[in-house]
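Undergrad: Now for the letters of each chain:
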Amino acid sequence: MNLNAHIPPGPLTQKWTNHKHEIRLVSPANKRRYDIIVVGTGLSGASAAATLAELGYNVKSFCIQDSARRAHSVAAQGGINAAKNYRNDGDNIYRLFYDTLKGGDFRAREANVYRMAEVSVNVIDHAVAQGVPFAREYSGYLATRSFGGAQVSRTFYARGQTGQQLLLGAYQALSHQVSLGAVKMFPRHEMLELIVVNGHAKGIVVRDLVSGKISSVMADAVVLATGGYSNAFYLSTSGGASNATAIWRAHRKGALFANPCFTQIHPTCIPVSGDYQSKLTLMSESLRNDGRVWVPKKGGDNRAPRDIPEGERDYYLERTYPAYGNLVPRDIASRAAKRVCDEGRGVGPGGLGVFLDFRDAVARLGKEIVEERYGNLFEMYREITADDAYETPMRIYPAVHYTMGGLWVDYNLMSNLPGLFVVGEANFSDHGANRLGASGLMQGLGDGYFILPYTIGDYLTRNEVNRPSSDVAEAKQAEQGTVERLNKLLTIRGKRTPVEFHKQLGRILWNNCGMARQEAGLKKAIVEIAELRHEFWQNVLVPGSHDDLNMALERAGRVADFLELGELLCRDALSRAESCGCHFRQEFQTPEGECLRNDAEHAYVAAWEFAGSDKPAQLHKEPLVYEEAHMAQRSYK
Amino acid sequence: MKNVTLRVWRQKNAGSQGRFVEYEVKDASERMSFLEMLDVLNERLVKQGEEPIAFDSDCREGICGACSCVINGKAHGPEKRVTTCQTYMRSFKDGEVITVEPFRAKAFPLIKDLVVDRSAFDLIIQAGGYISVNAGSAPEANTVQLRKYHSDLAMDAASCIGCGACVASCKNASASLFVAAKVAHLNLLPQGAPEKDPRVLGMVQAMDEAGFGACTATGSCEAVCPKGISMSFISRMNTDFITAGLKLRVHAPRV
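Residue numbers (this note's numbering), protein chains in the order written: chain G, 1 to 637; chain Z, 1 to 255.
Just chain Z, with the same shape it has in the complex (with noise of 0.2 Å):
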């Protein structure tokens, strides 16, 4: 059983002053997630007619993305390759005072509490992540072979979840490690290959717009991402934008 502190940004919404808000969490078991602690904060809360720290979560294993939170300055906490819901509070010391805020971006706004709005990473997706084939025009799945090499590190790629931990780590704000995993997981692929240049294009465009920082290469993003995303991938992505710039002879803004 550890007592602790947590120390929790509190907003209304966008558009108020936010601040942090000290609560006392105790007897909180070394087998409780750190959300099921904010869960029992919350309950005590609601019990006061208080209105419970708004948080997003959903499927509680780490896999839906939903979770978020800068943990100690940590995005999902202190453990390596963990989300937020699978934080346990055995990573936590007893009395530890806990530092709680939201993912903060630019291209993230605030919704409220630890909420923020991600929905400039559906843009992205929107703007090429995809192969466009329609229903019914499939060939049989096995005519076409894949090198397992190229399968398993398509996989690698494609195992994102689109948390935004990347975003909320790096100090520019760059969403290029959630861009190059798409890019590579559909480029790798002979299915995807058709549709290779205006992809890369579209989405590294669709990131600038959407307000998201350039990256320097500090590396931040692949140490916090729960699913150790490499940022080879990001390589990747680069030489896929030159190349594609080069042979469509559009003016690459940013290389």
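Just chain G, with the same shape it has in the complex (with noise of 0.2 Å):
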């Protein structure tokens, strides 16, 4: 297979002006011949469809939730990073795109990297005039303030909830263009096979989740905007109808699918408290600005934390890593935390947290300060645990979060299928092995905002209007053989739930493809996950039918998807034998307990190619060529 990434030639911060001198524009007359599907509406696929309609384009938009303003984009809490250097603390965009690829400890493509940090300033830019209202100085300017891996203050927030005022901002750009009939909105809709013809991304088939009318919808280009698969754990903190269906079901239909082994476990979450529990709730990282994380210096130290002396207290991250104390990076903090867990020094019920306070913070700012800071996420704290975090400490473990893997695109933002485009989470590009807090709102918007727009041109003008009708037969067959599927899931009436199913894939994945990974417990998770599927298969139990709304069907068939890329999972897990960013293989550890990289052997995109239900699938590499940066080892201290 030829994996092509399309990187354009010249220096590393000429690329992406040269790459748009080159590319292929649509005529303003033409555009509106071509006919785009958008499947997803948070950040990158809301931003994709209102821009692409901007343009000119005829945009259809898919989402699973009952409005577009409810895409799990929305729950993002902290901030969006923009090297705008308004705090003349030497940020630029080289600052911006080198702690980028550090902090994904070097497994990202260095020229997505850089034009990522490129338009970041635009994305702040582009927010501001749509009215996101940003947090200001007391002088009307744009306030900001400092994430983990970075030694500057880049990160732009809208108190705790940035996610959804720049999802809010996107909606309503999205909105105008619905109002303008530029935009078909299509809420309710899930998206269950691609439809591929000669070779090209053409259609998709989606289900109305209402009525259950399956049907295609074709077009002349595909952009999935569907996000990540961190609900394959079973518990994440994803939002409950997050799922891989949309490109499991492109990567069956040939796209590659990328590091998928890249999975971000996120420091500062709520512990779980019970097995009825159906998600895990993020505090933001941001809190890691004002918090200390601590656990007692011995283990089994019941006292109440308030009445644990100084003396008696182990700052443990900012005793290992005095550079960047509580600000390190995710993946680096997570395991931090789960050593001094795993040396008894828990504290909680099993053992399993630490402390983030915030006694010195109140001390140092005051309530006040500190209340217009974080008061929403206190509060939220408080529904849920009922502890006052101003009064005690807060307890936190970390949860799985983020995939940095997804669908293989080149520069263009395609994947090896032509007319398949993936932005946001749901592709693989930018965050290499480990994302740095706020970088993802900055990618999605970029994508969908900056990129996307412009290199999709570049693709239609290459191919010729060609929008086959829904009655060809690669749809026909599409379509007949998701309703197969359906009616299978309906008619197996085993004795196991699907959320069963779920919930012990999710226990092999988090026990052997977690927080540590080694060779046996990759191996036996592997044989596990394959026994599971196949008994899933036999003995699922779905009620109802397929012709109305029915949110059990909807969740088997997201949960045999998840069964076959949990495997997949592993199995990525297995062949890259290194550790890297938050891919932590025991086997390969420097003495301190750090990430062992070995760049000879592994400095690649492992992109896996589909090769039948049951057979493993098929390993190509793209290789990472850094002609600027230097792969250095990793150090926060």
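Think of the hints as simulated: they come from the structure by calculation, not from any bench. Be aware that a few hints might be false.
[Claimed, not checked] Taking lysine to aspartate or glutamate pairs in the EDC-like style, the calculated list, with each CA pair at most 16 Å apart, reads:
# : chain 1 : residue 1 : chain 2 : residue 2
1 : Z       : 12        : Z       : 101
2 : G       : 503       : Z       : 43
3 : Z       : 106       : Z       : 43
4 : Z       : 80        : G       : 379
[What the hints assert, rightly or not] Facing chain Z, according to a computed beta carbon distance under 7 Å, are these residues of chain G, among others:
# : residue
5 : 142
6 : 172
7 : 273
8 : 591
Think of the CB as a built atom: it goes at the ideal place given N, C-alpha and C, for glycine as much as any other residue.
From these two lone chains plus the hints, build me the complex, please.
TA: Here it is, written out as structure tokens:
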């Protein structure tokens, strides 16, 4: 297979500028001849759909929620990075680029990361123009704060609701285009299959979640903006509806899946409280600006946290990483938390937790300022735990949060299937083996507002307007396959619910492919997941029918795909015999317990090709060639 | 651990007759959220081959606005300033009978069980709840300064999650708080000023056309709003509406 990333020639700082000169344009009169499907209405999907419509394309936008405004980007809390250098603290595009590349442990594609840093400044300009109410200083100028993995203050925020406000900006832009007739909106619709005609992505099969109607929708290009696959782990910070079906169906139709094992465990989440738990709640990384992370020096110390004197506390992040302190990147903070808990010094039920303490911040700044910065997060913490974090430290533990892996795309954000574009968390490109905080929003909006709208035109001009009708054999087959699959799920009538299978898959993945991985465990997990998948197709119990709103059926289809993806996740983790970023193989660590990369053998993107339901996927490698940056050993000490 | 009795509204679809069905739930943990308790019940129903209770929810952290439900007569349940998904079983008594209904309003037609169609809100946003700026045309972000007071107030209004509790709790099923919050968010900002007048007129008209009732200032919307959005935004909207009507010489159907 020819894995050409189509990285433009020239120096790193000029690549995107040159590329924009080189790629072809679609004239305004011709744009209206093209139909484009955008699946998903989170930051990347809503921004892409709105911008494509502004340019003059006919856009069809699909989401599974009842309104585009509820996509899970809405839950992003802390902020969005941009290389504005408003603080005069030495920030610039190159520094943002390098921080991101280093944060990702040098497993991202250099040219893509640089471009993301370049467009970050435009994203902030556009969001402000849209009316996103970012935090401001008394002077009326924009405020910023710091996030993990950076020594500058480049994170713009809207209280603890930055994702919500940016999503509303994109949703409102989308709504504007809907009112102009340029976007046709399909809420409560789920993509269940990709339609490929003559090797090009030309449409999707969707199910209307209310009426159950299955139909094919055809277009000149398909954009997937369907987010990540954290929910493969069952418990994650993702929304209940977040799933991998759209990207997995595309993968089965030939799109390569890149770096599936790069899954991020976020250090500051509210710990699991019981088996009934449906999701984990994140406490924003921004809290680490002022909160101090600690555990008691001695294991089994059951005193109330306020009664433990200063000398008997271990502020282990500040102690181990003095240069970055509590603001080390997420993968490092998570592993450090796991380490102290493994040593028996964890706090709370089961010893699975560490303290995030605001005592000193309240003393230094006063309660009012702490409240202004983090009020809604403290409120959320109180709602869930009934504890007041102004008085007693928060108790936190790492949880699955974000997936850096996703469908493979080239520099133009197009997958190896021509006409299939992938943006936002659904693609793999910009974060390497670990995403820095506040970079997810930056990437999603950069892709949607300022990158895809250019690059998609180049594909369209190279291919004549050729939109097959929904009667073509490929569409009919895809539709029929979808109906058969739904019928099968409904007629097995076994004994176990989709949720039970999902929970079991989550346990296998968390235990063997979570914060620490090793060969034997991964091999065991691959066998167990395959067995679980076979059992699923014999023994799943789905009530009801497929011709009305049936949430159990929706769940079953998503779990079926997670059961395939979960196995690939483990296979990828097994084949990557090194530790990097969030992928920590216990066999490969430095004497201090940090990641030990193997650049000689593993400096590549692992792009997997689907080979059949029960056959191991085939690995293709895109070598990571760095022209400017140097692959260094990461240090935050 | 608590045992509770649920009286849940079950209705197959908009066309069929709905009714309350009783379910016993035993050993619900204090730390369980209300929706997790419904999840446990639904698992039991699926095991018995029955259809689970349909309800909307997604983020389960109180920000997406998907969850709804009127619990014991109150939109989003007994606690102040929280959504249904952030309501925990510690808020209910052992042995309590809990009545669970969908949001009821003419403009929110029922889909199934506790799920309603709130797309009327999207129509209202499409009628002016945006700033018409295309990607690429924005000036540098710090060229326009904003009084912190205005920016904070705009943020208070922009916190609306679009859940529709304000409508469900209003005896007139008015969407005034929802509309006022969006109008205030955008009209308070200099970026939103050029479209101030058509925005408020368009959005109010869309609200009326969607079948929402008029505001009689009872304040029930503010009382149930999970984000605590203030009714004072409604006064602001009315002021903007009257001014816009006079300026644009449009006959104002409701003042």
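Undergrad: Next, verify each hint and record whether it holds.
TA: Hint check:
no. : hint         : verdict
1   : Z:12 x Z:101 : 14 Å, holds
2   : G:503 x Z:43 : 12 Å, holds
3   : Z:106 x Z:43 : 32 Å, violated
4   : Z:80 x G:379 : 12 Å, holds
5   : 142          : 6 Å, holds
6   : 172          : 4 Å, holds
7   : 273          : 5 Å, holds
8   : 591          : 40 Å, violated
Consistency note: the structure conflicts with the earlier hints numbered 3 and 8.
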